[in-house]
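Take the sequences, apply the hints, and build the full model.
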Amino acid sequence: MKQFKGRPVVAGVCEAPALVSHGGFNTLASFQGALQFGDFPIIGNKYKQTECDDQNNKDLFGKPMLGKALCLPQTIGSTTGGMVLYCANAMGKAPACMLFSEHIDSLAAAGAVLSAVWTDKPMVTVDCLGQEFLDYVKDGMKISVAEDGTVTVD
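For our numbering, count along the sequence shown from 1 and bump the result up by 5.
Note that these hints are calculated values from the structure, not bench results.
Take the hints with a grain of salt, since some may be wrong.
To be verified - Within a straight-line C-alpha distance of at most 16 angstroms, the following computed EDC-like cross-link-like pairs (lysine to aspartate or glutamate) qualify:
1) Lys126 - Glu152
2) Lys10 - Asp140
3) Lys147 - Asp159
4) Lys143 - Asp159
5) Lys63 - Asp144
6) Lys7 - Glu20
7) Lys126 - Glu20
8) Lys7 - Glu137
9) Lys68 - Asp144
10) Lys98 - Asp125
11) Lys98 - Glu56
12) Lys7 - Asp140
13) Lys10 - Glu152
14) Lys143 - Asp64
15) Lys147 - Glu20
16) Lys147 - Glu56
17) Lys143 - Glu20
18) Lys10 - Asp125
19) Lys7 - Asp159
20) Lys68 - Glu56
21) Lys10 - Asp144
22) Lys10 - Glu137
What the hints assert, rightly or not - Here are the simulated distance ranges between beta carbons:
23) Arg12 - Met88: 31 to 37 angstroms
24) Lys68 - Glu107: 30 to 36 angstroms
25) Asn61 - Asp153: 30 to 36 angstroms
26) Met96 - Gln136: 28 to 34 angstroms
27) Thr85 - Ser149: 29 to 35 angstroms
28) Ala16 - Glu107: 17 to 23 angstroms
Note that this is a predicted model, so its numbers are computed, not measured.
For glycine and all other residues, C-beta sits at the position ideal for the given N, C-alpha and C.
Laid out in structure tokens, this is it:
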């Protein structure tokens with residue numbers, strides 16, 4: 006067990022299994038299928054599980070993101086990123102929390118804050134956890150987040 010202290014962007018308490026990306030997280034590419042096709046039964050269960058659609062993210066492609074502690078350095082890509090995060094949360098297709106090793110970028114921060122203000126289920130978001138956090142955490146490890154931004158990895 007190891008603890009890391011970050012800065013709470015959207016404070017809250019959360020427990021979830023880790024899902025780790027060592028590269029930038031393209032929000033639009035990752036959530037596109039789940040947000041566009043999630044309710045079509047002919048496509049199957051894939052999009053209901055919010056599987057990552059970003060073929061360029063070798064760490065996450067095809068893995069379910071729903072209810073996970075998404076551990077990443079930062080988000081990249083489209084200026085729609087904040088609204089995509091908000092929509093994913095509002096539609097019940099978001100990760101349990103987002104944990105950034107670096108400073109959060111403005112687009113991801115906007116999505117996290119919009120979710121906290123406009124939905125009844127804020128997405129806990131912590132940044133500045135450091136590179137050691139991203140190097141230590143592995144997929145499936147148990148993550149616990151405290152209100153003060155302390156992240157415990159089991």
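Quick rundown of the hints versus the structure:
{"no.": "1", "hint": "Lys126 - Glu152", "verdict": "15 angstroms, holds"}
{"no.": "2", "hint": "Lys10 - Asp140", "verdict": "15 angstroms, holds"}
{"no.": "3", "hint": "Lys147 - Asp159", "verdict": "5 angstroms, holds"}
{"no.": "4", "hint": "Lys143 - Asp159", "verdict": "10 angstroms, holds"}
{"no.": "5", "hint": "Lys63 - Asp144", "verdict": "13 angstroms, holds"}
{"no.": "6", "hint": "Lys7 - Glu20", "verdict": "15 angstroms, holds"}
{"no.": "7", "hint": "Lys126 - Glu20", "verdict": "14 angstroms, holds"}
{"no.": "8", "hint": "Lys7 - Glu137", "verdict": "11 angstroms, holds"}
{"no.": "9", "hint": "Lys68 - Asp144", "verdict": "10 angstroms, holds"}
{"no.": "10", "hint": "Lys98 - Asp125", "verdict": "14 angstroms, holds"}
{"no.": "11", "hint": "Lys98 - Glu56", "verdict": "10 angstroms, holds"}
{"no.": "12", "hint": "Lys7 - Asp140", "verdict": "12 angstroms, holds"}
{"no.": "13", "hint": "Lys10 - Glu152", "verdict": "11 angstroms, holds"}
{"no.": "14", "hint": "Lys143 - Asp64", "verdict": "11 angstroms, holds"}
{"no.": "15", "hint": "Lys147 - Glu20", "verdict": "7 angstroms, holds"}
{"no.": "16", "hint": "Lys147 - Glu56", "verdict": "20 angstroms, violated"}
{"no.": "17", "hint": "Lys143 - Glu20", "verdict": "15 angstroms, holds"}
{"no.": "18", "hint": "Lys10 - Asp125", "verdict": "26 angstroms, violated"}
{"no.": "19", "hint": "Lys7 - Asp159", "verdict": "7 angstroms, holds"}
{"no.": "20", "hint": "Lys68 - Glu56", "verdict": "5 angstroms, holds"}
{"no.": "21", "hint": "Lys10 - Asp144", "verdict": "20 angstroms, violated"}
{"no.": "22", "hint": "Lys10 - Glu137", "verdict": "11 angstroms, holds"}
{"no.": "23", "hint": "Arg12 - Met88: 31 to 37 angstroms", "verdict": "23 angstroms, violated"}
{"no.": "24", "hint": "Lys68 - Glu107: 30 to 36 angstroms", "verdict": "21 angstroms, violated"}
{"no.": "25", "hint": "Asn61 - Asp153: 30 to 36 angstroms", "verdict": "35 angstroms, holds"}
{"no.": "26", "hint": "Met96 - Gln136: 28 to 34 angstroms", "verdict": "32 angstroms, holds"}
{"no.": "27", "hint": "Thr85 - Ser149: 29 to 35 angstroms", "verdict": "31 angstroms, holds"}
{"no.": "28", "hint": "Ala16 - Glu107: 17 to 23 angstroms", "verdict": "19 angstroms, holds"}
Of the numbered hints stated above, those contradicted by the structure are hints 16, 18, 21, 23 and 24, listed in ascending order.
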